[in-house]
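Protein chains: 4
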Amino acid sequence: MLEALRNQVYEANMALPEYKLITFTWGNVSGIDRDSNLVVIKPSGVAYEDLTPETLVVVDLEGEIIEGDFNPSSDTATHLELYKNFKDIGGIVHTHSPWAVSFAQAGKSIPAAGTTQADYFYGDIPVTRAMKNEEIEIDYELKTGSVIIETFQKNKIDPNRIPGVLVNDHGPFTWGKNPEEAVHNSVVLEQVAEMTYHSLQLSSDNIYMSQVLLDKHYLRKHGDNAYYGQN
Amino acid sequence: MLEALRNQVYEANMALPEYKLITFTWGNVSGIDRDSNLVVIKPSGVAYEDLTPETLVVVDLEGEIIEGDFNPSSDTATHLELYKNFKDIGGIVHTHSPWAVSFAQAGKSIPAAGTTQADYFYGDIPVTRAMKNEEIEIDYELKTGSVIIETFQKNKIDPNRIPGVLVNDHGPFTWGKNPEEAVHNSVVLEQVAEMTYHSLQLSSDNIYMSQVLLDKHYLRKHGDNAYYGQN
Amino acid sequence: MLEALRNQVYEANMALPEYKLITFTWGNVSGIDRDSNLVVIKPSGVAYEDLTPETLVVVDLEGEIIEGDFNPSSDTATHLELYKNFKDIGGIVHTHSPWAVSFAQAGKSIPAAGTTQADYFYGDIPVTRAMKNEEIEIDYELKTGSVIIETFQKNKIDPNRIPGVLVNDHGPFTWGKNPEEAVHNSVVLEQVAEMTYHSLQLSSDNIYMSQVLLDKHYLRKHGDNAYYGQN
Amino acid sequence: MLEALRNQVYEANMALPEYKLITFTWGNVSGIDRDSNLVVIKPSGVAYEDLTPETLVVVDLEGEIIEGDFNPSSDTATHLELYKNFKDIGGIVHTHSPWAVSFAQAGKSIPAAGTTQADYFYGDIPVTRAMKNEEIEIDYELKTGSVIIETFQKNKIDPNRIPGVLVNDHGPFTWGKNPEEAVHNSVVLEQVAEMTYHSLQLSSDNIYMSQVLLDKHYLRKHGDNAYYGQN
Numbered sequence: 006m007l008e009a010l011r012n013q014v015y016e017a018n019m020a021l022p023e024y025k026l027i028t029f030t031w032g033n034v035s036g037i038d039r040d041s042n043l044v045v046i047k048p049s050g051v052a053y054e055d056l057t058p059e060t061l062v063v064v065d066l067e068g069e070i071i072e073g074d075f076n077p078s079s080d081t082a083t084h085l086e087l088y089k090n091f092k093d094i095g096g097i098v099h100t101h102s103p104w105a106v107s108f109a110q111a112g113k114s115i116p117a118a119g120t121t122q123a124d125y126f127y128g129d130i131p132v133t134r135a136m137k138n139e140e141i142e143i144d145y146e147l148k149t150g151s152v153i154i155e156t157f158q159k160n161k162i163d164p165n166r167i168p169g170v171l172v173n174d175h176g177p178f179t180w181g182k183n184p185e186e187a188v189h190n191s192v193v194l195e196q197v198a199e200m201t202y203h204s205l206q207l208s209s210d211n212i213y214m215s216q217v218l219l220d221k222h223y224l225r226k227h228g229d230n231a232y233y234g235q236n
Numbered sequence: 006m007l008e009a010l011r012n013q014v015y016e017a018n019m020a021l022p023e024y025k026l027i028t029f030t031w032g033n034v035s036g037i038d039r040d041s042n043l044v045v046i047k048p049s050g051v052a053y054e055d056l057t058p059e060t061l062v063v064v065d066l067e068g069e070i071i072e073g074d075f076n077p078s079s080d081t082a083t084h085l086e087l088y089k090n091f092k093d094i095g096g097i098v099h100t101h102s103p104w105a106v107s108f109a110q111a112g113k114s115i116p117a118a119g120t121t122q123a124d125y126f127y128g129d130i131p132v133t134r135a136m137k138n139e140e141i142e143i144d145y146e147l148k149t150g151s152v153i154i155e156t157f158q159k160n161k162i163d164p165n166r167i168p169g170v171l172v173n174d175h176g177p178f179t180w181g182k183n184p185e186e187a188v189h190n191s192v193v194l195e196q197v198a199e200m201t202y203h204s205l206q207l208s209s210d211n212i213y214m215s216q217v218l219l220d221k222h223y224l225r226k227h228g229d230n231a232y233y234g235q236n
Numbered sequence: 006m007l008e009a010l011r012n013q014v015y016e017a018n019m020a021l022p023e024y025k026l027i028t029f030t031w032g033n034v035s036g037i038d039r040d041s042n043l044v045v046i047k048p049s050g051v052a053y054e055d056l057t058p059e060t061l062v063v064v065d066l067e068g069e070i071i072e073g074d075f076n077p078s079s080d081t082a083t084h085l086e087l088y089k090n091f092k093d094i095g096g097i098v099h100t101h102s103p104w105a106v107s108f109a110q111a112g113k114s115i116p117a118a119g120t121t122q123a124d125y126f127y128g129d130i131p132v133t134r135a136m137k138n139e140e141i142e143i144d145y146e147l148k149t150g151s152v153i154i155e156t157f158q159k160n161k162i163d164p165n166r167i168p169g170v171l172v173n174d175h176g177p178f179t180w181g182k183n184p185e186e187a188v189h190n191s192v193v194l195e196q197v198a199e200m201t202y203h204s205l206q207l208s209s210d211n212i213y214m215s216q217v218l219l220d221k222h223y224l225r226k227h228g229d230n231a232y233y234g235q236n
Numbered sequence: 006m007l008e009a010l011r012n013q014v015y016e017a018n019m020a021l022p023e024y025k026l027i028t029f030t031w032g033n034v035s036g037i038d039r040d041s042n043l044v045v046i047k048p049s050g051v052a053y054e055d056l057t058p059e060t061l062v063v064v065d066l067e068g069e070i071i072e073g074d075f076n077p078s079s080d081t082a083t084h085l086e087l088y089k090n091f092k093d094i095g096g097i098v099h100t101h102s103p104w105a106v107s108f109a110q111a112g113k114s115i116p117a118a119g120t121t122q123a124d125y126f127y128g129d130i131p132v133t134r135a136m137k138n139e140e141i142e143i144d145y146e147l148k149t150g151s152v153i154i155e156t157f158q159k160n161k162i163d164p165n166r167i168p169g170v171l172v173n174d175h176g177p178f179t180w181g182k183n184p185e186e187a188v189h190n191s192v193v194l195e196q197v198a199e200m201t202y203h204s205l206q207l208s209s210d211n212i213y214m215s216q217v218l219l220d221k222h223y224l225r226k227h228g229d230n231a232y233y234g235q236n
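Sequence order for the protein chains is L, R, F and V.
Terminal number for the first sequence in this note's numbering: 236, no gaps in between.
Terminal number for the second sequence in this note's numbering: 236, no gaps in between.
Terminal number for the third sequence in this note's numbering: 236, no gaps in between.
Terminal number for the fourth sequence in this note's numbering: 236, no gaps in between.
Next up, chain L with everything else stripped away, as it sits in the complex (with noise of 0.2 Å):
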């Protein structure tokens, strides 16, 4: 069942470790066929080198197992929760990258300080507010993509122009059109965390890039009139 997208998925999953952002098993991608509305994800702490395309599980958009082994992650209903909101995406990540989150344990959004993060994300990268006792205590983890999808709409984000998010005192999620792009993306982000932490310890000045440099960059990559690259 879903074989093309179980060996996408298992590729994505398996790009954490050589990406360094994960240790042990503190990482989960997932992938979905839109016209199914399944879900391929990682089965719960499993180890990495123990993973296979076979080991992975699919869920519908309610959680049910359809196939599979092993328990899904216990991030599913936060994946599900993300994809019932953010109709264009096809993967998801979620990751504890080091500089990603430094950034969410400070409560502090990514600011768009230059070049590298204008390339791929539209502007800031928010941390979402801290949840409220009762969204922990019940539902946890659709409540964790509750927080997020909040976030967005709350600040009329588009979450195709910002690909990923920091969850308060937790860490980083991020998409794309498919779990290859979600995975680039989760490098991206940890990386524009890292600079931008060493810049901002360096000016105490207003750190963000001018609206033009940011359109300039994001623009010359994305959309309609993008020149970087073979198209």
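Keep in mind that the hints are not guaranteed to be accurate.
[Stated by the list, open to error] Within a straight-line C-alpha distance of at most 30 Å, the following computed BS3-like cross-link-like pairs (lysine-lysine) qualify:
1) LYS182(V) to LYS25(R)
2) LYS137(R) to LYS161(V)
3) LYS226(F) to LYS161(V)
4) LYS148(V) to LYS226(F)
[Claimed, not checked] Now the stretches of chain R that chain V is said to cover, found in silico as 3 or more residues with beta-carbon under 8 Å:
5) 20–33
6) 48–54
7) 92–106
8) 128–142
9) 167–176
10) 200–206
11) 217–229
Note that these hints are calculated values from the structure, not bench results.
Where is the CB? At the ideal position from N, CA and C, for every residue including glycine.
We have chain L; now place chains R, F and V onto it with these hints.
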């Protein structure tokens, strides 16, 4: 003698350089057999590339060498003191891992700032008080154990729920139900030290996560109602 | 066409991931043949593992493609502007190396704080002013070159003695008498950015080395009286 | 000539890139044969991959080349000055290792903040005063040695107990009873610089360890009453 435990302790020692927790011989792992009250520990000052299961030393809880051709780790008395007082633990790790030492030298606990820590440590990772001159001068290694135990008793910390400590101006000790878990906790401690160091530079606000979020993450992985992983 | 230069530019491009100066495709190297005024440059957005000498693109100083099946790097116009104005240089490197970007995003030059920098850069490594809206909106990549040249001319900096720059809110460009030397200078710039960042956190005093020490180190490696190495 | 020492110096030089203490050719190791007063040292500016025991240069204490086809390291005069004045040392290392240089550029000693340093250095690792113009202009490398010796004599520091120094705005020199031990001390210096940098950012309090703890750790590894290791 104690062949299975010897192999566990050997594997756990060899994991320290693999996880980049040690430089040269700056670390040691032990394991205890609670039936015989015998402890298997790394020999002192032996390079990791020369280590084999056979070079490990077996001592009793009074520190007498029961089997082995080498001197046991100079930190043996600290390990024994912890085994005598923390009755449930089966393995102990000591390293000079750099981020943990950075906090230890600053005399600072690692605050529970995010879910990465909460997944393994049910609160702050404490730093001991500075040792007194007479504690350093006489039975230094044993007293290093005593000051760890004092830290947990005085602050009513359960060593099963906070499986690690920073010895002031020295470095981390971690433990677990076996040597492998103790190493695992040593990796986690080092990682959260790195991340929380950076969070503390980013924010002068209250760095603590909420108690409810701490409960949620610790208890979804530990205890009767845990639901992380495949159990 | 230009087979020797093609190989040099290819080797220099492949050195970027080896020296960990780039993530994904975030960098490019070019080289110029001063006899024919033709420039060999990396194609845009092609992964390093897919790069061969044959995939490189040959352009003239007006940016016309003379040979090659791919689009040249989107930064080509910046390279050409530098070749036109810095007459002695034979190779150019652009990366988003993290420590250099940290200074660029903070809008800070890298001060000449020690002998490591002095061995290669005869003074501070300057940051450009922020680009004006109209410079970003029209001919952005060419104007990126212009603002670099302005920085050197206005401040009377000799590009042969300061073989690199930080473009504000963007990242580093370096150059040299050939592509290999340009990569070498890119490694040095990244390394001194890392070290001087930390020196600046350690000390609020004047961070500059003395002019006499700067002279000594630069001139013992460069110019008629150099005595470093085997010449 | 001096085949055993040649091999030791060769191995010690090759250990520098292995321990990530150097970039390019920014470092050198020498060793002395105290019977003949001959010194074996790395040739100047030769890449580590081209180094063999045969390429090393033998010089006498006046710097005359006794054997070798290459120029000796440009820092040779510094090494010789140290061998002449620190009578017990058998090997010297110079690097531009990044954390050590960060302190050197800031003009700061590395304070004895924890037991990692105390295991190898019996106190602070001192930084020299800035060199005077005339010291830089005439016999610079020899005077670099002189300012190191002045630092130890003026502050009554025993070079056998503090086997390393930071040359102001330059970088570290370390030494030991042989080239291997000198490299070992260079690794330790870099590691404690990294850790203590972070401790200093975490705490504005007194960062020093107690004298009694410093005594304990240094003396349990060094001197007549040492009990660390297998002796």
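Check, residue by residue, whether the stretch 20–33 of chain R contains three or more positions whose beta-carbon lies closer than 8 Å to a beta-carbon of chain V, and give the verdict. Per the Cβ count (3), the hint holds.
With a C-beta cutoff of 8 Å, work out whether three or more residues of the stretch 217–229 of chain R approach chain V closely enough for the coverage to hold. violated (count 0)
Coverage of the stretch 167–176 of chain R by chain V (three or more Cβ within 8 Å): Coverage by chain V holds here, the residue count being 3 at a Cβ distance below 8 Å.
Please count how many residues of the stretch 48–54 of chain R have a CB within 8 Å of a CB from chain V and say whether that reaches 3. It holds: at least three residues are needed, and the stretch 48–54 of chain R offers 4 whose Cβ sits within less than 8 Å of chain V.
Is LYS148(V) close enough to LYS226(F), meaning Cα to Cα at most 30 Å? holds, 19 Å
Decide if the proposed pair is consistent with the structure: LYS182(V) and LYS25(R), CA atoms, cutoff 30 Å inclusive. Holds, because 28 Å separates the two Cα atoms, which is no more than 30 Å.
Coverage of the stretch 92–106 of chain R by chain V, judged on three or more residues with CB within 8 Å: holds (count 4)
Please check whether the stretch 200–206 of chain R has three or more residues whose CB lies within less than 8 Å of a CB on chain V. holds (count 3)
Taking only the CA atoms, is the gap from LYS137(R) to LYS161(V) under or equal to 30 Å? holds, 28 Å
Go check the stretch 128–142 of chain R versus chain V for me, would you? Three or more residues, Cβ under 8 Å, otherwise it fails. With 5 residues in contact (Cβ-Cβ under 8 Å with chain V), the coverage given for the stretch 128–142 of chain R holds.
Would the hint linking LYS226(F) and LYS161(V) be met if the CA-CA limit is 30 Å? This hinted pair is violated, its Cα atoms lying about 35 Å apart.
Of the numbered hints stated above, those contradicted by the structure are hints 3 and 11, listed in ascending order.
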